[in-house]
Amino acid sequence: MRTLKRSCVVFLAISLIFGMAAIAQQHGGTLIFARGGDSVRLDPADITDGESVKVCQNIFNTLYEFDLGTSTVHPALATGYEVSEDGLEWTFFLREGVMFHPWGDNPSYEMTADDVVFSFERQYDADHPYHIGDFAYWGYMYNYIAKAEAVDDYTVKFTLSRPSAPNILNLSCFTAMIVSKRAMEDMGVEEFRNNPVGTGPFKFGSWTRGSEIVLDAFDDYWNAPYPYLDSVVFRVIPEEQARLIALKSGDIDIMDSVTPDNAPLIEADANLTLLEAPGLNVGYVAMNQMIEPFDDILVRLAVNHAVDKKMLVDTFYKGRGEPAVNPMPSNLWGWNDEIVDYDYNPDLARAYLAAAGYPDGFDTELWYMPVFRDYFPQPKLIAQAIQAQLAEVGIRAELVTFEWGTYLEKTEAGEHPMAMLGWMGDNGDPDNFIYVLLDEDSATVGSAGNIAFYINHTLHDLNIAAQITADVDTRIALYKQAQVIIHGDAPWLTVATANRMVGVRSYVQDYDLNPVVKGRMEFVWRNDL
Amino acid sequence: MLKYTVRRLIGIIPVLLGLLVLVSLLIEFIPGDPARVMLGQHVSEEALETLRERLGLNRPFIARFGIYLGNLFRGDWGNSIREGRPILTILAERIPATFELSFAAMIISSIVGIAVGILSAYRQYSLLDYTGMLIALIGISMPVFWLGLMMIYFFSLVVPILPFGGRLTTGVVLNDVTGFYILDAIITGNLTALGNVLRHLVMPAIALATIPMAIITRMTRSSMLEVLRQDYINTARAKGLSSRVVVMRHAFKNALMPIVTVVGLNFGVLLGGAILTETVFAWPGLGTWLLDSIYARDYPAVQGGVLFIGASFIFINLLVDLSYAWINPKVKYD
Numbered sequence: 001m002r003t004l005k006r007s008c009v010v011f012l013a014i015s016l017i018f019g020m021a022a023i024a025q026q027h028g029g030t031l032i033f034a035r036g037g038d039s040v041r042l043d044p045a046d047i048t049d050g051e052s053v054k055v056c057q058n059i060f061n062t063l064y065e066f067d068l069g070t071s072t073v074h075p076a077l078a079t080g081y082e083v084s085e086d087g088l089e090w091t092f093f094l095r096e097g098v099m100f101h102p103w104g105d106n107p108s109y110e111m112t113a114d115d116v117v118f119s120f121e122r123q124y125d126a127d128h129p130y131h132i133g134d135f136a137y138w139g140y141m142y143n144y145i146a147k148a149e150a151v152d153d154y155t156v157k158f159t160l161s162r163p164s165a166p167n168i169l170n171l172s173c174f175t176a177m178i179v180s181k182r183a184m185e186d187m188g189v190e191e192f193r194n195n196p197v198g199t200g201p202f203k204f205g206s207w208t209r210g211s212e213i214v215l216d217a218f219d220d221y222w223n224a225p226y227p228y229l230d231s232v233v234f235r236v237i238p239e240e241q242a243r244l245i246a247l248k249s250g251d252i253d254i255m256d257s258v259t260p261d262n263a264p265l266i267e268a269d270a271n272l273t274l275l276e277a278p279g280l281n282v283g284y285v286a287m288n289q290m291i292e293p294f295d296d297i298l299v300r301l302a303v304n305h306a307v308d309k310k311m312l313v314d315t316f317y318k319g320r321g322e323p324a325v326n327p328m329p330s331n332l333w334g335w336n337d338e339i340v341d342y343d344y345n346p347d348l349a350r351a352y353l354a355a356a357g358y359p360d361g362f363d364t365e366l367w368y369m370p371v372f373r374d375y376f377p378q379p380k381l382i383a384q385a386i387q388a389q390l391a392e393v394g395i396r397a398e399l400v401t402f403e404w405g406t407y408l409e410k411t412e413a414g415e416h417p418m419a420m421l422g423w424m425g426d427n428g429d430p431d432n433f434i435y436v437l438l439d440e441d442s443a444t445v446g447s448a449g450n451i452a453f454y455i456n457h458t459l460h461d462l463n464i465a466a467q468i469t470a471d472v473d474t475r476i477a478l479y480k481q482a483q484v485i486i487h488g489d490a491p492w493l494t495v496a497t498a499n500r501m502v503g504v505r506s507y508v509q510d511y512d513l514n515p516v517v518k519g520r521m522e523f524v525w526r527n528d529l
Numbered sequence: 001m002l003k004y005t006v007r008r009l010i011g012i013i014p015v016l017l018g019l020l021v022l023v024s025l026l027i028e029f030i031p032g033d034p035a036r037v038m039l040g041q042h043v044s045e046e047a048l049e050t051l052r053e054r055l056g057l058n059r060p061f062i063a064r065f066g067i068y069l070g071n072l073f074r075g076d077w078g079n080s081i082r083e084g085r086p087i088l089t090i091l092a093e094r095i096p097a098t099f100e101l102s103f104a105a106m107i108i109s110s111i112v113g114i115a116v117g118i119l120s121a122y123r124q125y126s127l128l129d130y131t132g133m134l135i136a137l138i139g140i141s142m143p144v145f146w147l148g149l150m151m152i153y154f155f156s157l158v159v160p161i162l163p164f165g166g167r168l169t170t171g172v173v174l175n176d177v178t179g180f181y182i183l184d185a186i187i188t189g190n191l192t193a194l195g196n197v198l199r200h201l202v203m204p205a206i207a208l209a210t211i212p213m214a215i216i217t218r219m220t221r222s223s224m225l226e227v228l229r230q231d232y233i234n235t236a237r238a239k240g241l242s243s244r245v246v247v248m249r250h251a252f253k254n255a256l257m258p259i260v261t262v263v264g265l266n267f268g269v270l271l272g273g274a275i276l277t278e279t280v281f282a283w284p285g286l287g288t289w290l291l292d293s294i295y296a297r298d299y300p301a302v303q304g305g306v307l308f309i310g311a312s313f314i315f316i317n318l319l320v321d322l323s324y325a326w327i328n329p330k331v332k333y334d
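Same order as they appear, the protein sequences are chains C and F. By this note's numbering, the letter at position 67 of the first sequence is numbered 67, and the numbering carries on one by one without gaps. By this note's numbering, the letter at position 103 of the second sequence is numbered 103, and the numbering carries on one by one without gaps.
These aren't lab readings, by the way, just hints derived from the structure by calculation.
Straight-line distance between alpha carbons at most 20 Å, and here's what the computed SDA-like set of lysine to any residue pairs gives:
hint	chain 1	residue 1	chain 2	residue 2
1	C	Lys410	F	His42
2	F	Lys330	F	Phe252
3	F	Lys330	F	Leu2
4	C	Lys410	F	Leu57
5	C	Lys410	F	Tyr295
6	C	Lys410	F	Arg52
7	C	Lys410	F	Pro31
Produce the complete structure using the sequences and hints provided.
Okay, structure coming up:
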């Protein structure tokens, strides 16, 4: 009996050990990530397209990085930071022993403050010898950084021209990736764009233009035991159906940008897994308050009650998303879950119109985007549906569109009565939505991000206060207040937040469907080796 | 013949110049701010203005075009705004892919089209003839896009015998000597890569060949029918020559000129970048690059691409014209 018991214990112990080994991450293998277009260039400071960002995400690191699946951050190339009382000096303490990838005949070398300063200086200093490029994101997101300087080999100080609480998140984004100073000086900017050198989990291998980029695991990566994979291939397959077939056949392992129509096909395949998570985006119809009658709150409320958002999400997003209540997605911290959305109520809409002096409705224009985005997968059809619903309450909207560049130009100039637009978050901070899209500072005619031209001084004060204070709880409270104000003023018809979807072969594990970071392969492994 | 050739070559220059002016004007009139299109929505006004300045967009069209032409005559085709790389470098990467695909498609369409056309003409109004014409009709009516997806679905998924797309399977090593993968595989003696490249080429080449094949089939048939009705064909038959000799040696050779014209024209068109085929089969050729450049308002890239395509088309037409003298000794050029 005792022997039997002992045998059982031994058996259970062995099973446990093998069981644990079976679920432990395995090193090795290659994964092929298929996307719809090629990268343009691999200098992270000088890119704006998502395909370049995805690849750079694996070659470079930032001082802080986003946690898995969320928009909160943790130390990466920096181990910590301090902020001065006035919020104008941010001092970062760099991690020691971080190595850059070797390149050509040049060996790896350790990252120091010089590399960090170089990575930022070349962006803001127009006279810098390596200030070659457009650096489009710098002016948009980082223009409050006046200076970066090395205090010592492992300490960098940023001096800001104004306090900015989102700074830590901004420094976690792709524009703030740290490049190798020596490599860029060695090969020049133009060559560096095609042969990037960073500290990331994967080093650049090869680039067959229009076809694929191969990255190989970096053995001296600072964040051991990552990466698990031996290599990653970013493959270009422009046509979505061809991407799906390639995923089903096993020719690729990860399919990017799954649309709602194809999601069920992936879910129905036992060899595939559909990864789905709320996106960091919002689609909306802005009502231009510089043009009558949208300067009247009653008219704006009428529009909000006239449209059945659930129907739009069910029909055009195939349920892969949710009706938007607030001007930021519900997966973003600071989202106010106490706000009750305007219900679909055509009678109430008509009552509001009558009270506003439009018992017979009015004629107007509804501008719709000529391009599709996650937040508006079928903009023309969605516009037609909104047009029909508005017509039922008496608002006769003519559909208008322009070429995309012209559309942006004209909406920024405030030429539209109502216009569809949307936003995909850059840094996982509510400021990136509320301040950029609805603050009075963003309502400059000709370059407006706030295309509702909505002016509310109380909202502005809340936004500025939230930018200045670093305390997260305080910021959450401020943004929740801001959302209440915005809801009451109804500058938009907030339409929907779309889910992000990626299809993977079932052996692909731990792919991070992060709201901010895309294409990060650092933690991914295969369980079929 | 030499004088004629030189005259034609010199004549290419004003044609290309006219083409460049036309394309440049068309791009100029496309609505929208190129800087905005390139940098997107998340960008500061300063960055937009800096890019406009860098691209010379604040200068008048005449000034920009003049500078471009001046550089062109010095051999400088400019840099792609989007990629920041020389246009000539990009063309050198993309042209081999498009050329290989187009050439393969032309071979398939010519062999099949001419064979079916000859048979249809020889057996006019027979089942063979009707089948041939039906195939031609289907070929010209079927959208290449749809055909391509169906082929991928069937041959890559249902009966997985061919790769879904691209030029080479990831992991297959091939030294890039010329950029023409078939040639590179042969030069380096890499039979594994050669087999892989050919397997990748099969589906896109067949898909791309369907429309030219249909056109060549019908042209061959009608041209052969015209020749087969000639008196000298009856004479040849009366002399006791075999059908094969009559058709191939006498009729076909005399029917060749319009067929060669059509083959040449189609090749020129295909070299312009088979955008749909390249998109469906993820083929990294000229067509998809040019399309992306148009969307991005990458002026130098569009101008460079169109210049190359125009020159190729004109050059191929010249070769077709010169071939007439070889096909028909009565044709003289001076």
